[in-house]
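Student: One-letter residues, chain by chain:
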Amino acid sequence: MTTVSGAVTAPRRALLLRRPTKTTGAFSWLTTIDHKRIGIMYCSLSLLSFLVGGLEALLIRLQLAGPNGTVVSAAQYNELFTMHGTTMVFLMGMPMAVGIANYFVPIMIGARDVAFPRLNAFGFYVVAVGAIFLYSSWIPGINGVPNGGWFGYTPLTDTPISAGFLPGRGPDFWSIGLIMLGIGSTTSAINFIVTILNLRAPGMTLMRMPVFVWMMLVVAFLTLFAMPIITVALIMVFFDRNYGTLFFQPAAGGDPLLYQHLFWLFGHPEVYILILPGMGIVSEILPVFSRKPLFGYAVVVFSGIAIGFLGWGVWAHHMFATGLSPVAISAFAVSTMLIAVPTGVKIFNWLSTVWRGAVRLTTAMLFALGFIAMFTIGGLSGVLHSVVPSDTQQTDTYFVVAHFHYVLFGGLMLAVFGGFYYWLPKVFGRMLDERLGKWNFWTMLIGFNLTFFPMHFVGLYGMPRRTYRYDEGLGWDVWNQIETVGAFIIGVSTLIFLANVIVSIKFKRGAVAGNDPWDGRTLEWTTASPPPAYNFADVPEVEARDEFWHHKYTEDDEGRLMPLPSGGADAAPAEEKHGHGIHMPSPSIYPLVMALGLLPLGYAAVYHSFAWLGLGVLVLLFGMYAWAIEPATEPEPETVTGRTPEPVH
Amino acid sequence: MATIEQTTEIGAPANRGGSAGHDAHATATGVTNKKLGMWLFLASDCLFFGAFIATYLLYRGRDTVGPGPRLLFDIPFTSATSFILLMSSLTMVLALAAIQRGDERRLRIWLLATALLGATFIAGQVFEFTEFNREGLALDTNLFGSTFFILTGFHGAHVTAGIIWLMSLWGMASQGRLKQPDSEKIEIAGLYWHFVDVVWIVIFTVIYLVPQPGNPGG
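Chains as they are written, first to last, in our numbering: chain A, 1 to 649; chain B, 650 to 867.
A hint or two may mislead.
Said to hold, decoys possible - Chain A stretches covered by chain B per the calculated footprint, using a threshold of three residues with CB under 8 Å from any CB of chain B:
(1) 185–196
(2) 252–259
(3) 587–596
These aren't lab readings, by the way, just hints derived from the structure by calculation. This one's a predicted model, so the numbers in the text were calculated from it and none came from an experiment. Every residue, glycine too, gets a C-beta built ideally from N, C-alpha and C.
Excised from the complex, chain A in its bound form:
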């Protein structure tokens, strides 16, 4: 039997690279399919993107600091705001949520792994390759930095290169790059949905799942259905520019408004793709630091689902100024007002969670409370956009810029920073410094409001967004100065955060976290910090929502909390086990190989080059077939050849 199977395996293996086995070192990171390490890589990429996109924003703010700025040219300014928006949405916001979820969703549902570990790695590398592709347009001589705005309206972007309003290859790099990123996020969405639906631990019913898991499930469905729509729009833009199709060419009967419909049919669900993970994160943080269960768990979950559905019916409120019919405008105005309801419901749920709780104002809690306040402001200015006459006035002014920065920076980013302070002790086993953390929070909050609150005013005073300079005496000067100062305070705050991470984690100055530093409620706090590769030596049997809390506390006759004698933070006997006998999927190089194949394909599309095309197809097919042939888990060494078994860990 062994000889027969050996004879079959030998020629099959000839095609393959050697199976990676290392679990430490740089190469092990490139071949890892551990969802936790992939999560760390996603978050690192996002933080890097946050820094790059932030530098772009600072250049924008320097240019606008005073009237008639001369820091950058008009063309460079176009590139800066386009890349700032594209980076923050596609390379920072989405990968950040996916990264945090990659690390914690499987642990929170009591699973040892995700459903498709190699596909998961592939999704990450596609996003990384897409980022490299987009930013390679900045290489001197390529002349292809995207410059048509993050939503790339036609006919500006799709007019053929020969007659282009936008000379250079900008929209080509932009459309192909975004298609790549779409492939990455679609694969990760499929992975999340299957993981959450299929791999829950026994007893972990849907209505016992942590809210963060629920929100990521909704986000994954939104991603799954939104990405193909923008892909179609981008394909049309690309073909219009490069192969003379007429999709958005008015002279031939094409309709540029169709592009706006397709883009915002993706773009508005995308807004919820970005904000729902933030809502999930604060829904985890607030109960822990209020020592109360989340108020109205089911209502929060169903509000999230309602937002997911309603999010598909509001896209045209981005287009009120385009001359849609009054009926369409009225319908979208009403649906936009309607979607504020489940959002408002959540805000009251969070407030009720904190109300009369035993609140601990840790940095994580401060960020979560900051999220509620800032997101509410952003939500209120959002409701103003549903009022059509008001929106028509505000369209393409800085008022809109103020609004979406309040929901995306004040919303998503504050929640993400809160999530870092909350979960990084679990990831690295060290607490972040609370004193630096509070400096981080307050400078962030002050800098953020200084930057973005005055934008409401200049917007209402008529300052258009994307203008690269303005005359003096329009009443905008002082506000813009304040905004620029605020932006640099945000920069300082970000440096404080990085310093905190480096000092506390890299130089190990932070206190040892232990399994359960916050007296947490969910399953991730039952594992070691950092958790072992297999997450749980014994798959937990879940009996309640906030499972871990119920292991630690009960209530006496008057409803007061009583610690259970057997519970407690460090009572996790399962982690004493060494985990031998648990077979995790083996590392693989092919997700990286396959994703790398997309890079030459991207250049092939932009440059119409058959050489690049051939190279891309070759790498892609090699990666694909090798991946298909390679077993997910290497068989035990002794069963194949009879060699002495090597230690797995």
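Model the placement of chain B on the given structure of chain A, informed by the hints.
Tutor: Relative to the frame of chain A, chain B by itself:
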């Protein structure tokens, strides 16, 4: 055998014991990970084709220059190639039935037949494209040219990918590496293949069969 087990599992509470998380058959929904993943991909792909079809419908009859669909379409010819593509769904079902019975010889035959029928459809499409092109329709001729070629072209690309997939499975089957327990591999490829066929039914109906408003070019 494997299918019977799965159908009884659907809706039943998960039976997972203490085994490792990557046990393919022990899932909370009863549907295996790979099959659920394929269903989700297809759901996503619906939106992909849906957006192209919506674009086609929006632009129908807007052209001011020809040639248009009424001049170009050869309904009997395209009906024949469509019928061939639909028959490939039948052979795909037969291939799945064969591997579930453990009949590897018929599995290979039906896989090959499915791929060949698909290739015949693609050959018909290539012929149609060149014919239209000869009669003066290109991507940049009019909106009909843009929408028709891009929509049917991306469908053809999906069919081509399916053919490559089927031939890869056929190659594996010929080496004796597809046995009865691997029937899910055929089932999942079948899901994709049937989906591509169903999309073609929609495209054929919408583009070829629904009467076209008059284009000046015919």
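Student: Please name the hints from earlier in the document that this structure breaks, with their numbers sorted from lowest to highest.
Tutor: Of the numbered hints given earlier, the structure breaks just one, which is hint 3.
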